[in-house]
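**Student:** Sequence:
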Amino acid sequence: MDLNSFFQSALSLDGMVGHASYLLLILSMLMTRMMWLRSLAVGSGLLSITYSVMISDYVSATWEVIFVAVNVGQLSLQAYRNRISHFSVEERRFREAVLPLVEPAQARRVLDLGQWCEADAGEVLIRHGEQASHMLFIASGEVAVVVNDVVVGWCGAGALSGEISVLTDMPATATVVTAKPTRYLALERHALRTLMAREPEIEHAIDQCFRKDMRLKLAAANQAMADAGIRVEVVQTSLQ
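The opening residue of the sequence shown carries number 0 in numbering that gives the first Met the number 0; numbering runs sequentially from there.
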């Protein structure tokens, strides 16, 4: 095939349809949310069916029909799971704070791992130097973050505690003590990390929340320790 014939084929109507199909397929691979990935894949498949019919390749068209049907089925199943996912007021707050970008059904799976707990003032939830067994989401009340008997921060409703230890395998960097009666959601470490490994969207959302929460805590701890006359150095590049 000479260069002129190549360009004629590439710029023909059926050629442009084929190009558009591959373009949508490539775009789908760039998506971080499964809904958009599958939606673009369906669009790619429909264009590919059109292209295959235009060039009379009915075997390929048949396979593309199957490809589209599978993705439409998965989208329908996800839509159904989202529709039947219901949340209490506390669960909605957790979802808005920690998982704002994931599908309702995925948020439901995270919540189903957890256990709602209540603690009186003065209870130690996480102890410095020990591996935290749970990541905590404070629904109401308040906890004090203590390092070397110095309160370096306070976490109220909507905050996370224990996430550093749970997500990084490091011992807890501070002791967390309830300052008043507190209600919280406890997410068991191994179960949460298993789910995160299985569902990248959930992992990405929790990681983003962790980084944001960490920046706020570092700033608060830095100010508290500075007020107490303790010099603190924070390496910001580790959180970029």
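Rather than coming from a laboratory, the hints here were simulated on the basis of the structure.
Keep in mind that this is a model prediction, so the values were computed, not measured.
C-beta atoms are modelled at their ideal positions from N, C-alpha and C, and glycine is treated no differently.
Among the clues, some could well be false.
[What the hints assert, rightly or not] Across the chosen pairs, the derived CB separations fall in these ranges:
#1 E129 with E202: 16 to 26 Å
#2 G157 with W62: 40 to 50 Å
#3 H18 with S75: 42 to 52 Å
#4 V58 with L112: 24 to 34 Å
#5 S75 with P180: 37 to 47 Å
#6 R197 with L45: 46 to 56 Å
#7 H127 with S75: 24 to 34 Å
#8 G72 with V149: 36 to 46 Å
#9 L26 with D148: 20 to 30 Å
**Student:** Against each hint, give a clear statement of whether it holds in the structure.
**Tutor:** Going through the hints against the structure:
1. E129 with E202: 16 to 26 Å: holds, 24 Å
2. G157 with W62: 40 to 50 Å: Holds, since G157 and W62 (Cβ atoms, about 49 Å apart) stay within the stated range.
3. H18 with S75: 42 to 52 Å: Between H18 and S75, where Cβ atoms are some 29 Å apart, the hint is violated.
4. V58 with L112: 24 to 34 Å: At 45 Å between Cβs, range violated.
5. S75 with P180: 37 to 47 Å: Since S75 and P180 have Cβ atoms about 45 Å apart, the given range 37 to 47 Å holds.
6. R197 with L45: 46 to 56 Å: For R197 and L45 the Cβ distance comes to about 30 Å; the hint is violated.
7. H127 with S75: 24 to 34 Å: This hint is violated: roughly 49 Å between Cβ atoms.
8. G72 with V149: 36 to 46 Å: violated, 57 Å
9. L26 with D148: 20 to 30 Å: Distance hint for L26, D148 is violated at roughly 55 Å.
In this structure, the earlier hints numbered 3, 4, 6, 7, 8 and 9 are contradicted, and the remaining ones agree with it.
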